[in-house]
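Residue numbers (the numbering used here), protein chains in the order written: chain A, 1 to 151; chain B, 1 to 151; chain C, 1 to 83; chain D, 1 to 83.
Bear in mind the hints are in silico, worked out from the structure with no lab data behind them.
Wrong hints could be hidden among the right ones.
[Said to hold, decoys possible] Lysine-lysine pairs mimicking BS3-like chemistry, simulated, CA-CA at most 27 Å apart:
hint, chain 1, residue 1, chain 2, residue 2
1, A, Lys137, A, Lys149
2, A, Lys60, A, Lys149
3, C, Lys67, A, Lys60
4, D, Lys2, B, Lys149
5, B, Lys122, B, Lys60
6, B, Lys137, B, Lys122
7, C, Lys2, C, Lys67
8, B, Lys149, B, Lys137
9, C, Lys2, A, Lys60
10, B, Lys61, D, Lys2
11, D, Lys67, B, Lys60
12, B, Lys61, B, Lys149
13, D, Lys67, B, Lys61
14, B, Lys137, B, Lys61
15, C, Lys67, C, Lys12
16, B, Lys60, B, Lys149
17, C, Lys12, A, Lys61
18, D, Lys2, D, Lys67
19, B, Lys122, D, Lys2
20, A, Lys61, A, Lys149
21, B, Lys60, D, Lys12
22, A, Lys137, C, Lys12
23, B, Lys137, B, Lys60
24, A, Lys61, A, Lys137
25, D, Lys12, B, Lys137
26, C, Lys67, A, Lys61
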Amino acid sequence: MPTIRVQEAPFDLGAESAALTAGRTDIGGLASFVGLCRADDGLAALVLEHYPGMTERALKKIADEAWARWPLTGCTVIHRVGRLVPGEPIVLVLTASAHRAAALEACAFLIDWLKTSAPFWKREEFAGGESRWVEAKATDDAAAARWAKPA
Amino acid sequence: MPTIRVQEAPFDLGAESAALTAGRTDIGGLASFVGLCRADDGLAALVLEHYPGMTERALKKIADEAWARWPLTGCTVIHRVGRLVPGEPIVLVLTASAHRAAALEACAFLIDWLKTSAPFWKREEFAGGESRWVEAKATDDAAAARWAKPA
Amino acid sequence: MKILYFAWVRQKVGLAEEDVAPPDSVGDVAGLVAWLAGRSPGHAAAFADPRQVRAAVNQDFATPDQKVAAGDEVAFFPPVTGG
Amino acid sequence: MKILYFAWVRQKVGLAEEDVAPPDSVGDVAGLVAWLAGRSPGHAAAFADPRQVRAAVNQDFATPDQKVAAGDEVAFFPPVTGG
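Okay, chain A solo, but in the shape it has when bound (with noise of 0.2 Å):
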């Protein structure tokens, strides 16, 4: 079953891994995808906003579907909330299945649809004071619809 967390507080990719994986030899793939602040423009800092309660429910409403389209053994997924600073860790999604090929769609297919499918909010802080929300992008929603199922 998926782990879900949504917390202020970074995460440790070792740890989490080693979570999935310890006293089990079934796993023959660990993949893992890790999103972090970039400090491009100018950036001082990124603020996620979420909704209590709808985003922890629609993360795990796509962490199910990613182990019901793959045989997975282990699914982790970690966002983080609150203010970030540039280098700082965002978000974690890290499958762990039998063969390669499953490990790695699923993790392609989770990172790709929680941009386009999870409530959260970025708003971008720039040394000047000044601030913006993040648009969201077509070219996630065009990534995200490669994983659609065919009719």
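For chain A, the structure is supplied; the task is to place chains B, C and D on it using the hints.
Just chains B, C and D, lined up with the frame of chain A:
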């Protein structure tokens, strides 16, 4: 420039990730794949053999190709050799980029290509004392071939 | 009916949440948006272009024709930008 | 010429490496395979089906028509199974 290592010792995903991202604020995505030894069919151990010199060259060539094809800011490939028991990690691929698609694609490319183009040979040892060389898989060739550039 | 606002929708409305009792004629998300837009200049600014605003009813994404009723939790926010 | 063997090719030949001096008539990988196969029953067994054996010349993968010469390092092994 990619980091390549062939070693008997285990590797530490958390430490290798930290090494790629430490002090940087230009990385938006960090993708990783860890291949582990599974206990299929009563497997007691995998013994990995390599071709010292050529193996490192082959890994470097594959990593350099990924470096040229995707805008990576970091790339680490570590492949273990020697005797590994089920549950132990065998191979690590780690890719960092400003954008997630480049990191995810380069990571998948590297592990697919390693399977078919890096001089490693796996021998399986079973609980009963029996032992056999793993045969190359057509599915691995197909996975690597999908990365071939159009002519 | 409990209404929640997030991100710039919250900032324009000037409230994170409010309890409202729309008239019986408000039966779906689109009707609720039109009614809420009349409550204050901030509400009007937030809903000035309804295509820029997404909705959820009882914590599930909702389309403009989704029914709403007393007791529902309805949220309005911009397109999501997580990940 | 230095010859290296890996995995089951090594086990069948019974050697990890050997120095050889093939006659001038041996000019490419295919010719070298045919000549090595005559050196012992182990060599013959290793090269019984040359399609199962891959080669590298001076640490680059090589095809059967790749030229070989004195001083080269030539390796024979099964299809790789890393990763």
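Tested hints:
1. Lys137(A) <-> Lys149(A): Answer holds: Lys137(A) to Lys149(A) is near 22 Å, not above 27 Å.
2. Lys60(A) <-> Lys149(A): holds (19 Å)
3. Lys67(C) <-> Lys60(A): Status holds; Cα separation ~25 Å.
4. Lys2(D) <-> Lys149(B): violated (35 Å)
5. Lys122(B) <-> Lys60(B): Holds: Lys122(B) and Lys60(B) sit about 20 Å apart, inside 27 Å.
6. Lys137(B) <-> Lys122(B): Within the cut-off at roughly 12 Å; holds.
7. Lys2(C) <-> Lys67(C): Status holds; Cα separation ~14 Å.
8. Lys149(B) <-> Lys137(B): Given that 27 Å is the threshold and the Cα spacing comes to 22 Å, the pair holds.
9. Lys2(C) <-> Lys60(A): Given that 27 Å is the threshold and the Cα spacing comes to 24 Å, the pair holds.
10. Lys61(B) <-> Lys2(D): Holds - the C-alpha atoms of Lys2(D) and Lys61(B) are around 23 Å apart, at most 27 Å.
11. Lys67(D) <-> Lys60(B): Measuring from Cα to Cα gives roughly 24 Å; hence the hint holds.
12. Lys61(B) <-> Lys149(B): holds (16 Å)
13. Lys67(D) <-> Lys61(B): Holds, at about 22 Å.
14. Lys137(B) <-> Lys61(B): holds (22 Å)
15. Lys67(C) <-> Lys12(C): holds (25 Å)
16. Lys60(B) <-> Lys149(B): holds (19 Å)
17. Lys12(C) <-> Lys61(A): violated (30 Å)
18. Lys2(D) <-> Lys67(D): OK: Lys2(D) and Lys67(D) at ~14 Å, within 27 Å.
19. Lys122(B) <-> Lys2(D): holds (24 Å)
20. Lys61(A) <-> Lys149(A): Judged against 27 Å, a Cα distance of about 16 Å means the pair holds.
21. Lys60(B) <-> Lys12(D): violated (30 Å)
22. Lys137(A) <-> Lys12(C): Judged against 27 Å, a Cα distance of about 22 Å means the pair holds.
23. Lys137(B) <-> Lys60(B): Holds, because 23 Å separates the two Cα atoms, which is no more than 27 Å.
24. Lys61(A) <-> Lys137(A): holds (22 Å)
25. Lys12(D) <-> Lys137(B): Cα-Cα ~22 Å, so holds.
26. Lys67(C) <-> Lys61(A): Given that 27 Å is the threshold and the Cα spacing comes to 22 Å, the pair holds.
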